[in-house]
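Chemist: Sequence:
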Amino acid sequence: MSHPDAKLIKYNIAPGFHRESTQYAEEGKWYDGDRVRFRAGKPEVIRGYETRVSATFDGNARDLVTFADNRRLKRAVFGTEKKLFEHDGDRIVDITPVSVSVTLPNAFSCAISVNTITVSATAHGRSTGDFVFFTSSTTIGGNILLGTTTYPVSVINANTFALSVATTSSAAQSSTGGGTIHYLLASGVDNAVTDVGYGAGSYNAGVSVAGGRAWNRPTSVGASDFASQITQWSLDNFGEDIVANRRGSSIYLFDTDASTSPTRAALVSGATNSTPTTVNSVIVSPNDRHLICLGANQFNTTADPNGTFEPMLVKWSNQEDFTNWVPSINSTSGETLLTDGTEIVGGVRSRNAINIWTDNSLWLMQFTGPPFTFSFRQAGSNCGMISAHGGVDYNGVSYWMGEENFYAYDGQVRTLPCTVRRFIFDDLNYDVKDKVFAGINSEFKEIIWLYPGTDSSECNKYVVHSPEENYWVYGTGLFTTFADKTVFGNTITTGTTVAGNNLYNNEPDGLYTENGQPMSSFIESADFDMADGNDIMFLSRVIPDFTINDGALTFSIKTKDFPESSTETEKPAPPHTVSNNTVKIDMRARGRQGRVRVSCNSANTSWRWGSIRLAIQPDGKR
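The sequence shown: position 106 = 106 (the working numbering), numbered continuously.
Please note that a few of the clues may not be correct.
Think about it this way: if two alpha-carbon atoms lie no more than 25 Å apart in a straight line, the pair counts; the simulated DSS-like pairs of lysine-lysine are [as the list claims (entries may be wrong)]:
#: 1; residue 1: Lys10; residue 2: Lys584
#: 2; residue 1: Lys29; residue 2: Lys74
#: 3; residue 1: Lys10; residue 2: Lys29
#: 4; residue 1: Lys10; residue 2: Lys42
#: 5; residue 1: Lys42; residue 2: Lys558
#: 6; residue 1: Lys560; residue 2: Lys584
#: 7; residue 1: Lys445; residue 2: Lys74
#: 8; residue 1: Lys42; residue 2: Lys433
#: 9; residue 1: Lys74; residue 2: Lys42
#: 10; residue 1: Lys558; residue 2: Lys74
#: 11; residue 1: Lys560; residue 2: Lys7
#: 12; residue 1: Lys584; residue 2: Lys74
#: 13; residue 1: Lys560; residue 2: Lys10
#: 14; residue 1: Lys42; residue 2: Lys7
#: 15; residue 1: Lys7; residue 2: Lys584
#: 16; residue 1: Lys7; residue 2: Lys29
#: 17; residue 1: Lys29; residue 2: Lys42
#: 18; residue 1: Lys584; residue 2: Lys29
#: 19; residue 1: Lys74; residue 2: Lys485
#: 20; residue 1: Lys558; residue 2: Lys29
#: 21; residue 1: Lys7; residue 2: Lys558
#: 22; residue 1: Lys558; residue 2: Lys10
#: 23; residue 1: Lys10; residue 2: Lys485
#: 24; residue 1: Lys485; residue 2: Lys29
Honestly, the hints are just simulated from the structure, not real lab data.
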């Protein structure tokens, strides 16, 4: 029963999480939580996710684009360090480009009753983990026929590799049979290699080692960097087709026209022999229809696609023709070398320009027409982007994550005030910062950044900013890429689990589970007190105000006497279960300071916080 002197006090808490100071210093604010957002200033649980298709895919996705083709078929294309994939309907299709095709005579060997085939291919140039497939293959081992299924290779030596197959051979075979082997674009790197340079690698090995150099072998003069980069993809629409680039390689086209499309993306080339062969990322200028490379081979006096690679070079094709990259009086092709930085990190289309970030600056690229085609203007310095996909444009304003701050550009570069900045950047695994991925959730008017925490080498956390309601929250998750709901009706994501890598429907209407399992969520306030903590407060009753569709929440108040005290009392003990039928919670809680916590671990439960009231009164000085 409440004390007769207790007064019901409405406990209003400022929206967003606030982690720039201690839990005691952030009084009147929310301090911690997971899987919640704010609407009209009130917290609520986010919706859940489910696998979109049952099939898994190889590798971790690094870029994802969704679109509808000219027949209104909804599609998604995404790239991993291993392959390039397309999704339409209920399937995931491997569309990885073929790098080379070779006919192999007398190529296959195997023992009897095994699942391993040995392939002889002179100077094959493959690495373990690369993929191949076959056409016109002869039968091997009496009953095995290699086909268009892709097989990962296990390299034995420069001229031989092995394949694992599902069927057990019925006979032995030695250096007979053959077929046409198709080598897919070589697999890339999922984690950066940082052991390059003096003192790295195996102790005093004296020779170069895979991924780096031996202890007594310094990096050669003129080396451009001291670490390899993870495999990134950049994907963009050119009409209904997709141009694709894997960082450091060529440009490919996936033709979506069912009547003419190849089953895989194909290398972009042209009669001018000018398509750059080394490109870091691509983006399409939509109104004027130029394909733009960010970091590419520099043009020389001839149409040489293998010119000097310049990481600060912006290079664009002829208008409406991405096979012609030769600047001339009859072409709008061209290139510009940016300054203020060591490499171009990425680019985003904005309202009147393409925004391009180096590792230190922001540039605006604007279409002007003949004779220069594009103009360039530096918009900011000391504001570089953290990763290739670390920025987005929302309603004509660009938002991005830097090394130590979040930024926006709306005519001028400004640092975004962030109430969780120190918490996020202290928790960021900088060794794999290039995996940071920014997305837009237009339904809730949010900008989201997926990032790897210090406890992971893969994206397992997120931070969200609402520009319109001006709050920040963070949470845990499994997603590596994020695409807005414009095509599929809900956001589409890719993620990695123990069971494999999947494509997900994220936050569809009415779903509050993690792929069929209960989804946990919670929110906890900063501390509150009475008379600046001079008085002990006594809490006797809580009048809850929640909207709960089904199930129940767990509610508690934690009290203690001093901010740094390890002694904490949680009331009710155990924490109280709250449903739509709960009208009050009686308790007897004392302390100089307290905080409220709400959590949910049940399936299919949505909840929203309203305005709770606390029966609270002074209870002496000691």
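Chemist: Going through the earlier hints one by one, which of them does the structure break, listed in rising order?
Modeler: Of the numbered hints given earlier, those the structure breaks are 2, 8, 9, 10, 12, 23 and 24, listed in rising order.
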